[in-house]
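> Take a look at the letters that make up each chain.
2 protein chains.
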Amino acid sequence: MLESLFYPDSVAVIGASRSPGKVGHDLFANLIQGGFTGPIVAINPTASEIMGHPSYPSLKAYGQQIDLCVIAVPQPLVEQAVHDAVDAGAGGIIIISAGFKEVDAAGAALEKKIADFCRRRQVRLVGPNCLGLLNTSSQLNASFAGNMPAVGSISIFSQSGALCTAILDLAASRHLGLQKVVSIGNKADISEVDLLLALGGDQQTKVIVGYLEDITNGDEFVKAAEEASTQKPVVILKSGTTMAGQKAAASHTGVLAGLDTAYGAAFKQSGIVRADAFEQLFDYATAFAMQPLPVGNRVLIITNAGGPGTMAADAVEKAGMVVAELDRNVATALRQELPAAASVGNPIDVLGDAPPARYAAALAAAQKDPEVDAILVILTPQAMTKAPETARAIAQTMTGDKPVLVSFMGGVEVMPGRAELAAASLPDYESPERAVGALKAMYEYSMWRNRPPRVVNRFRVHRRRVERIITRSQRIGRLQLSEVKSKTILKAYGFKIPRGQLAISTEEAVEIAERIGYPLAMKIVSPDVIHKSDLGGVKLDIANADQVRDAFDLMMLRIRERVPGARIEGVYVEKMLDRGLEIILGMSRDPQFGPMLMFGLGGIFVEVMKDVAFHLAPITFDEAMQMLLATRSYAMLEGKRGNKGVDIEAVAAGLQRISQLTTDFPQIAELDINPFIVGEMGSEPVVADARMTLRSPVE
Amino acid sequence: MLESLFYPDSVAVIGASRSPGKVGHDLFANLIQGGFTGPIVAINPTASEIMGHPSYPSLKAYGQQIDLCVIAVPQPLVEQAVHDAVDAGAGGIIIISAGFKEVDAAGAALEKKIADFCRRRQVRLVGPNCLGLLNTSSQLNASFAGNMPAVGSISIFSQSGALCTAILDLAASRHLGLQKVVSIGNKADISEVDLLLALGGDQQTKVIVGYLEDITNGDEFVKAAEEASTQKPVVILKSGTTMAGQKAAASHTGVLAGLDTAYGAAFKQSGIVRADAFEQLFDYATAFAMQPLPVGNRVLIITNAGGPGTMAADAVEKAGMVVAELDRNVATALRQELPAAASVGNPIDVLGDAPPARYAAALAAAQKDPEVDAILVILTPQAMTKAPETARAIAQTMTGDKPVLVSFMGGVEVMPGRAELAAASLPDYESPERAVGALKAMYEYSMWRNRPPRVVNRFRVHRRRVERIITRSQRIGRLQLSEVKSKTILKAYGFKIPRGQLAISTEEAVEIAERIGYPLAMKIVSPDVIHKSDLGGVKLDIANADQVRDAFDLMMLRIRERVPGARIEGVYVEKMLDRGLEIILGMSRDPQFGPMLMFGLGGIFVEVMKDVAFHLAPITFDEAMQMLLATRSYAMLEGKRGNKGVDIEAVAAGLQRISQLTTDFPQIAELDINPFIVGEMGSEPVVADARMTLRSPVE
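So the protein lines, in turn, are chains A and B. Last residue of the first sequence: 699 (this note's numbering), numbering continuous. Last residue of the second sequence: 699 (this note's numbering), numbering continuous.
Because the hints were derived from the structure by calculation, they are not lab data. Just to be clear, a hint being listed does not mean it is correct.
Since the list can't tell identical chains apart, any single copy or any two copies may satisfy a pair.
[Said to hold, decoys possible] Quick list of in silico lysine-lysine cross-link-like pairs, DSS-like style, CA-CA up to 27 Å:
1) K386 x K22
2) K532 x K644
3) K575 x K644
4) K532 x K610
5) K539 x K644
6) K368 x K386
7) K112 x K101
8) K318 x K610
9) K318 x K368
Work the whole structure out from these sequences, hints included.
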């Protein structure tokens, strides 16, 4: 996959130049200096030779097949260059040139035209407006990004060329090897999705690192990310998480879901390790590239000083992991090897004068201890400390069964040790806190890898019934569905709704009331009356026929007064519900990732505390349970102070049903069930109120 | 202050040694190499000369006055060495030797004896069990910590010697100058309090950095920290924030206040800039040392690449600061100086090919713009980027009126620029996120510096009445005060409590009831019945005399059955309260920092959501208002969905009254008012229930 881009037989640079400082020059020089062993051809209108390589006025003049073409000519010449490249048999094209989508509509149109052409001709395209790409395992530096890094196992794609150069520069200063690096630019053809799939399947790549500003296609992204994450860790920094204005949203769910919520949910579900800051990209990637995954969250700390050991223990606890203690037998054995003043608790304190052997003994003990999942080794530069020898001792003792992360704290004194650590594939961090951050990322990824198989339940539902309501409502342009219609749809998907019926006259209301039984609620049904209660359109606790008559007549009077011209369909007469816990279930459709489900407890929990959880549909039972557990108010579901708990699984089932409904019907833009009344175990929850908004059918 | 320690006329090392690797050797060598210009005397039993300096068998043999004595002899010889030093006229002593409090009780006793002796003789003591101290402004390296740093304006004290060496080593590798560095060891005499005061008043010190594991005296610490913070920023990393078991606590407040809560409150109140991780110590200290404080939170970003600019903007928003935009006129003027494709929005994008002049133009504009409080300059290494020249241009343009922080992202390419930045006092960060973290610390400290003057109200109260109840209860060993007694105390401090009286017979209960009026509550009063409701000891909504009789008799019967042998004082007959918002006010006394006040909304807000705020007493009105605002449930006080808001200032006043009560009476260990019923503006809140625990008087 993407063979012609990463492993071409031959490369041409269209727009190669003899003038240093020009992109076409740097590009060509990089290609040569990178050590690419196949034919390298310069295309330049006037030169006959550039840097010792033959130059031709055109690919046609060159006359032979070319596998990869890198284009660095002015924007107006790009389209012709692409045609020439395809004619020359190119399997891959990189357009370095800028002046396309990022500039104006004309640029966007030209970009699309070129991309469509490439797609038709089955040629893969990187860019335009990018730095190019590097592949250390084919000695290919098809970029103007500077020097070729050493061969490593971390591959990178970046939507920002500048960030790409910063990463390459930082990797160079840390002697960190890289595998494949792609600047994806405007993503006219090749996007993050292609690279996730390609790098996910790439044997040379152990970790994928990405920087993204937006995502081209949410569904494809989630699928590709999940596929890649199943193979290897994918660490992504996504910027633009807080900016941009508020979305207009009609539902609770829509209002509560921030700009970043859907990205967060999508990343989490697809196993992506999210970096929140630039340096985390490196912190995490090096840990993943160099060390095995932990199977649990018990971290053992080895240190030659108390203070930093305590700092590390603080960090472990704050990260929600566990400060491990050695098994008693292991501790007893280790004690024999350490001075009396040393501590074999956690942290293991090998003391300020610790020689390398003491570190080795502690590490060996921790590695064989079944109570320990991960090991953090801290060294401070004290009088007797031998940093490089200690690094070697750690490297030699390391078995590779459990992750070992290191923090050599300091500067000048520990520097020689750092080099030894890097050489031995031991990730080293300036502070214990950053090492713990990397361990946490490893642990969470490990948990994701070992998650139970996803089984999305399909309930038996009346899909056709919902289809009819939605189609009809869209046709007449009534996108805001009434409570009654919303409930009818939910009923078709297995939700229990209170008994009720629409009455269009006083006497019909009485008739329905007598049939259903008291106490009753009566609610006006009108597409023009949204806030029914505020306008006198709701009456509760109706106990007899007289009250039904009064309520009906009064409601008609009031609504006609207060909303002149309102289209009134009638009054809905509905059985009152038993008390229970009030819950909100909702869905708002993210433009990228589709239906996003929400759970929260009603009233102040949502309105004041914003204590809600989100998950993308489709959802499994386990995932629905995790949503509930992710809220602080989960304790209310379990029961509190003598109150009995509610049927928690019934709430999870409700989420699954909404998941199915909103996956089946992309026409539903937003949905709130508020409140969903949930009672004790065995009692079926009931939809007390609901609203839905449909998308405009033209969309 | 501490003159003999930081600026001695002469220094002796008792235990100086000729054997490299020995502490007494390294210490003496450091002293000489540090360049100290006064007499340096070695005290060694056998040598006549060490490293070219005269050595004497004892201070007495030397025979002249010595200002500072550094002691590095085995523990059993330390006491005699201290006596010798004092006899030689030392004003300051540093005990490097270990083997004291950190080892066992005998060591602790000896340490105390030595410290007491020094105190009596008015000699100041650093250590024991420490690295020593350094003062670059007197060329004094009285430590075995390694090389002397360059002269700078950051002073450091550390409770961990190892962390001290790590900091010194890191400073060396970053070419960061330091001022005074003190390893405080066991803190037998000189502690963080002395150093906060000394360094706070030190003209050479611009920033104080501290690492602490515990605090010797909470009250003194807060006073000293506040005094120092008023002079200059104090950045402290405190470890041990999450460990240690749960405290046993009888009150809600005590249970909700975690181990770290009091430290957090004390740090915040005294203006301390808290570092949560090792690298923040440096990140913050360099920003404070090099740049002026911002007067507001509007951050302008200048960048040569979109991606990192967006990352920075994300970080600014996440930190609760504001992404500033240039004033329209300033932006228009700047646009003339930049290419058409550049953006003068925020971030200001000077484009990938930006020469130094473009950065200078943008910085100049931002500096003169009144809409901008702080400036973050980002540089990525692109093809045309000149890192050192850009650094110089920034340095030359910088006026010093507003903080300018820089992030040169990358490694090899930007390294020469970093050196230029450091030379020009421009703090440079590896990532925009870390620069924003430092800006936030600066902004928060600046706000603290400009906080309004603190005025603690003193209410007129009946202090003697409370004194009597407390003294009497302590005398009879009744430390858990009853609801009635607790309410009586609160009434004496101006709280409104419901009308009520204790009845010891059925008929007395009826008589009281008829006087107070219905509806009533009746509650058993017994020191042996804590959970009154659960045991049938509370009856509410009593409407008439018959019900009073029934309730009294039944309560007596039930309690005698259920708590055999309970001492029953009677039944409290109390007026039922109107409904209102239920609030919890509380106090739990921290062993270090004294009375810590708590505010939260009752019921699920506290029990499920843990939505509470803390503050140390004494508290001002403004601080009490800030406590309320710090909770999410504050919205409930303001009123929600048509409910009227409550009298918020009355809640703040309640906190101030508790503050006064618990400051006046250190005997009160814990206190809960739960619930405090608060109604609309103008209505006086009422204490519906309360409990207090006294300290045992032997304490």
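> All hints are to be evaluated individually against the structure, with a verdict given for each.
Checked hints:
no.: 1; hint: K386 x K22; in the structure: between (48 Å within a copy, 16 Å between copies)
no.: 2; hint: K532 x K644; in the structure: between (33 Å within a copy, 21 Å between copies)
no.: 3; hint: K575 x K644; in the structure: within (24 Å within a copy, 31 Å between copies)
no.: 4; hint: K532 x K610; in the structure: within (24 Å within a copy, 35 Å between copies)
no.: 5; hint: K539 x K644; in the structure: between (30 Å within a copy, 23 Å between copies)
no.: 6; hint: K368 x K386; in the structure: within (25 Å within a copy, 52 Å between copies)
no.: 7; hint: K112 x K101; in the structure: within (9 Å within a copy, 75 Å between copies)
no.: 8; hint: K318 x K610; in the structure: both (23 Å within a copy, 17 Å between copies)
no.: 9; hint: K318 x K368; in the structure: within (26 Å within a copy, 42 Å between copies)
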